[in-house]
Each structure stands twice: as structure tokens, then as C-alpha cells.
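Use these hints to put chain B onto chain A, whose structure you have.
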Amino acid sequence: MLINKKEIILKINSIIFSSLDIRDVYETMSRELLKVIDFDRLTVTLITENNNLYETFVLSKDYEHTALQEGVLYPMEGSLMKRVVQFREPVIVEDTSLGRFQTDKVLYAEGIRSRFGYPLSYKGRVTGSVNFGSKRKDYYTKKHISFFSMIAPQLAMAIENTRLFNKTREAEKKYRSIIENSPDIIFEYTKDGTFPLISPSVERITGYSVEYFYNHKNCGTSLCHPDDRERVQNEVLCVLDGHVDSLMDLECRVIHKQGHIKWLSIEVLPLKEEGKIIGIEGFCRDITERKRLDELKNNLIRDVTHELKTPTAKIEMAIDMFERALSSGNKSLLEKGSQIPEILRNNLYRLKNATKNILDISRLESGIEPLKLTDISIHDIIKHIAGEKKESAGKKKIALIEQLPPDVPPIKADSDKIKHLVNHLIDNAIKFTDEGKITLAVKILPQAVEITVEDTGRGLDKDAQECVFEKFYKENPSAEGSGIGLAICKHIVQMHKGKIWVESEGRGKGSRFKFTLPIAEERKEQGTNQVIRLKAEG
Amino acid sequence: MMKELLIIEDDLEMQGFYKDMLRGEPFTVTVASNAEEGIKKAKEKQFNLVILDILMEGMTGDRIFALLRKDARYKAVPIIMASALDEKSYRCFQALGNVSFLEKPFNKERLLGEIAKRFETTK
Chain A
1420 MLINKKEIIL KINSIIFSSL DIRDVYETMS RELLKVIDFD RLTVTLITEN NNLYETFVLS
1480 KDYEHTALQE GVLYPMEGSL MKRVVQFREP VIVEDTSLGR FQTDKVLYAE GIRSRFGYPL
1540 SYKGRVTGSV NFGSKRKDYY TKKHISFFSM IAPQLAMAIE NTRLFNKTRE AEKKYRSIIE
1600 NSPDIIFEYT KDGTFPLISP SVERITGYSV EYFYNHKNCG TSLCHPDDRE RVQNEVLCVL
1660 DGHVDSLMDL ECRVIHKQGH IKWLSIEVLP LKEEGKIIGI EGFCRDITER KRLDELKNNL
1720 IRDVTHELKT PTAKIEMAID MFERALSSGN KSLLEKGSQI PEILRNNLYR LKNATKNILD
1780 ISRLESGIEP LKLTDISIHD IIKHIAGEKK ESAGKKKIAL IEQLPPDVPP IKADSDKIKH
1840 LVNHLIDNAI KFTDEGKITL AVKILPQAVE ITVEDTGRGL DKDAQECVFE KFYKENPSAE
1900 GSGIGLAICK HIVQMHKGKI WVESEGRGKG SRFKFTLPIA EERKEQGTNQ VIRLKAEG
Chain B
147 MMKELLIIED DLEMQGFYKD MLRGEPFTVT VASNAEEGIK KAKEKQFNLV ILDILMEGMT
207 GDRIFALLRK DARYKAVPII MASALDEKSY RCFQALGNVS FLEKPFNKER LLGEIAKRFE
267 TTK
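Protein chains in written order, with our numbering: chain A, 1420 to 1957; chain B, 147 to 269.
Treat the hints with care, as some may be off.
To be verified - With a cut-off of at most 20 Å between alpha-carbon atoms, the simulated SDA-like pairs for lysine to any residue come out as follows:
1) Lys1750/A with Lys254/B
2) Lys1755/A with Gly162/B
3) Lys165/B with Gly1756/A
4) Lys254/B with Asp1739/A
5) Lys1850/A with Leu158/B
6) Lys1716/A with Glu1700/A
7) Lys165/B with Ser1747/A
8) Lys1728/A with Lys149/B
9) Lys1814/A with Lys1791/A
10) Lys149/B with Met205/B
11) Lys186/B with Arg215/B
12) Lys1815/A with Leu158/B
13) Lys1728/A with Asn253/B
14) Lys1716/A with Lys191/B
No lab work stands behind these hints: they were computed from the structure. From a predicted model like this one, the values you see are computed outputs, not experimental measurements.
Chain A extracted, bound-state conformation (with noise of 0.2 Å):
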């Protein structure tokens, strides 16, 4: 059965393209039954599983134009057919102009003088009936009857097979797609280490064709990434052999065509015949891009609990150390200028400012926090903060260099948040130079201010800055900080509609971190009237 699937796939495609249709039968069917009852109209109605009409075609000799239309569901009421169905025998209409039915009326409107309809039935079940319409009165005899009831059954099977056909058909094309546009590769295994059926998705995620697949066999162990060859067999053999039922998310990594590794999640079923399990039928799913947000949320949480223990284990050394010199008396740790008090002081600010922006973070990221927006300068911020950090660069020989233009426009912002902002890039610039300069610039757009710091420090390469907002992201898992602030900061700018980035020529060339706040509406107007104002001066 299992190689014959192949064969039948194939098959249906040459089905689905050759000339076996739902039409051909009745064209078939009419073309025959023109030779030995004379008609105008013939049709053959299907009767659909709410027992309403289904008019599936109209044939006739020489009849253009009819009521009915096909694929058309029609009442039953008050219909030939449905009394036809009913009583489960033929009935003749010798004059349509009685109007017996009402249909009647319509085909009588339409020419048709006699009918009569004759019903079909398969397997014990009415399935539809036949009518032929004459534009002759009383045409139709018991010999038209006796005639078609002996051809009446291969005809209501015909018919119903091709309904059945189609049906398998329309399900075969559905499956057939559901096959080839599943982004998951679908796959049957046999024992003998053959793919009888593997979907097409195989290529975009391993890059082998499926030709490939099923020219080579064994590929599939082949492919295994050797770390998880084992494993994988063996949890298969379980299947092969019967002791489990099914395998749910077993996930392992393939080598790709191009050399890199591709994990998928593997599903599998026995695959049986006769009640025989011959092999695994099941679908793989590339998670290739799932395990790499693992590894980074592993790596983040790594980095952030890293954050937090270094500080409290090298608190708890430092007191283990005090504790030491006061059983043996060294002097030089417990007296005036003992790096004890100093390594606390430092791991204590670098556990608060840690937690701090934890906090930070989760608050602004929640939005519980709503702005305080007020009028603020930002010239008397930054020059207010570049003040406060004199100190700290002056310590480290950078100089802090203003440019500030006298007349910046105040603008709309939550004075706090802009102060940590400002504040925090300061205090970067800082710890990332060693010698030279950093430069706090503001500049006047139409439609904001950009607010600028250079610095002449370490410099980021392209990745780097890339990914610098990113919270946790620290380029050096072991350096001190969180890993946070910056991300903070993109946060307030984003609040504030205003923009942030980073440029730098590359590591060991500085970088300039710029973000824009957009200047409120109505000083954009006044800007504007004073531009024009002074157009008009001019």
C-alpha cells in the first residue's frame, strides 16, 4: 500500500489533468440515450443531503434557454421530482399545460409539452432522478419507462461514482496541497530507511531536494547531526518496535546542504499496513529560529543574574575578609585606608543601580507610569547635569565640552525622565573614555531639537551598534552594568515621539549618540510665524 501511494499521487495528478469529469459522463450518458429516447430537454437532478433539488446539468438536443440553471439548488416542492423520489416509481406528464406540477409551468413556458421522470437509485437510496422533456404532447409511453428501467442502474452508478470521484478528487487535491504548501515537512520512513513520501518544504529547510530523499537511502540518519544520531534512533526504534505510541516534540539538529545546522521538532506515528508497523509517518518543523531566542533569553538571564550575584557574592567576601582580619589581626585591612569599606561601597552602588533599572525598566516597559509633561529647557538641563559630571571626567582627564545655542525652544517633556536620559548617556560617555573629550550638542530642526553626545572613547562596530537599546545587551558579558540603560533610555525617548541612535566609525573611534524631541505644536507655529516675519522684514 505504502509504495503504491506514490504510484496513486501520481496518478491523480494525471487524473486531475485528464478528461475525467463530472460533464464527460452526462455528455456520455445523453449522446448514448439519444439513440433510443427522443428528447428536447434532459436533465439529471441530484437530490442534496437536506433533500432539496440539485440541478447538476442541463442537456438537450435543441434547447437554448431554460429556467433552471446548473449547480443551482431548486425547492422540492411542488416539483416532478419530488413526487418521483417520493413514490420511488417513474411518472409521465402527458400534457405540461395541465400544470400538474409546477414546474409544469415553467417548461410548458418554455416549449417542453410531455415529460417524465424517472428516479435513480443506488445502493437502496434514491440519489436523484432523470427527466426527460419533450416539445411533443404526449410522447412519453410505459415503453419509455420499461426501455429506461433497464439501463437505469448502471446509469445511477455511473453517476454516483463520478460523484464519488470527485469528491476523493476535490479531497486528494486538498491533501495533495496541504503536502506541498506545508511549511513543515511531511514524511513517511519505512524500516528499510526510504522516504516514500517527503513534502517539498524538505528543501527550504534542509536544502536536498525531494528527489534527493527519495534517490538515497539512509539519508536520513545521514543528516543527523552526529551528537544526536543516537538519541534519535533509538527514541524511532521505540516506534518501530511498538513501545510507544507516538514521539511528541523530539527535537534534534540536521545538517543543512550548506554545512550549517537547522533544528527541527520532530513528530512521529507508527506508520502501519495491515496492522503491521512498517515505518514513521510524522512531520518535522524547522524551530531553528525558536531554539536561537532561547538561547538568547538564556543568555540574557544568565547576564542578569550574573549582574546581580557578582556584586551581592563579592559583598559577602569582602565581610568573610573583615571577619578573617579580626581573628588574625591584620592590621592593614582593618585600619584607616582598608579597601574593605571601599569594595562594599562599590558593590552595594552596583547591586542598587542594577535593581534600580530593573525597576526602571518593568515600570516604563508596563506604562503605569504616565508622563508629567511640563514646558523644560533643554539647555538648562544639560547645562545643569554637564555641571554635576565635571567631576567624575575631570577625574578620569575628559573634558566636557558645551555647544549649546542661546535660544533653544523650550519643549514638552517630562523634565525627570529627560534628566535621566541626559544624564545616563553623560554618564557612558564617561565610563566608556579613557582620554580625550565628550561633546554635548544641541541642535535646532524645524520640527525638533536634536540633542547630541560625542564622545572620543571606545567606539561600536556596526553589530554593536545595532543592538546597543536592546535591553540586557552588553557587549562584554562580564563588564559591570545591567545592561539596561540604554534601553531605558530608548524607552523615554519613544515616549516622548522623539528618535534615538547611535553612529560611530567603528571600535576605538568614538561614538556620538543622538536623540530628537519633537518641539511642540504650538511653538512650531510661532517658529514659523517668525520665519515669516522675518522674510517680511527682510
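Quick look at chain B alone, frame taken from chain A:
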């Protein structure tokens, strides 16, 4: 002869703790402040034991570990990996042999115990 210890640790305060704890103990202690310096010092002299911080700037402890193990002279030298993270994060090292894990914080007894244990198993 005194045992030679190499400590590769980029945190100055941590270096201070090591020096303080190992003062007066029967070891000669050499401290390297980063990976490159550590590798260089390991080449200059044969150490009997290496204590390695895992998260360091430039090169992480696992890479230094691999580099050391590649060197024939350090194939069997006991290594202690130290980190503020717990042992679970570094399970992969255990398969590599003659390495143990020291979680920060540790006190003098724990450090000396770990060193003694390493020497014991290496004998």
C-alpha cells in the same frame, strides 16, 4: 617545592580576595588580569593548577579552558572554574575532565578545600 597556582581573573576586587585568602599558604600565586595575559603566563611557566574566571572580557573561560587543554603541558593540569553563576550553567565543562566548579562567593576554607581536592585527585 611550592605548588604554582595561576589565577586568571579580570576583576581587581576578586584578585584581592584570592591574594588575601592564599596569603601564607604553601603556594606561589600568579595573577593574570585577562585571558591573553593568562595564556601567555601559562606558556612561560608550568603551573600546577589554574583557577579560571568564566565570564571575562575578551575571551570567556570556556575558550581559555579549551586553549589550555590543547597545550600538551596542560592536558592533565587541574583547573577550577569560578563564577557567580551556579554550576548548572556550566555542566558542559564536566565532561572535559579534571575540572571542578567554584561558585562565588566562597570563603578561604572552601577555596583551600577545592584546591586540595584537585591536587588529591590529580595525584
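Going down the list of hints, with the structure as the test:
no.	hint	result
1	Lys1750/A with Lys254/B	holds (18 Å)
2	Lys1755/A with Gly162/B	holds (17 Å)
3	Lys165/B with Gly1756/A	holds (18 Å)
4	Lys254/B with Asp1739/A	holds (9 Å)
5	Lys1850/A with Leu158/B	holds (17 Å)
6	Lys1716/A with Glu1700/A	violated (33 Å)
7	Lys165/B with Ser1747/A	holds (15 Å)
8	Lys1728/A with Lys149/B	violated (31 Å)
9	Lys1814/A with Lys1791/A	violated (35 Å)
10	Lys149/B with Met205/B	violated (26 Å)
11	Lys186/B with Arg215/B	holds (14 Å)
12	Lys1815/A with Leu158/B	holds (18 Å)
13	Lys1728/A with Asn253/B	holds (16 Å)
14	Lys1716/A with Lys191/B	violated (40 Å)
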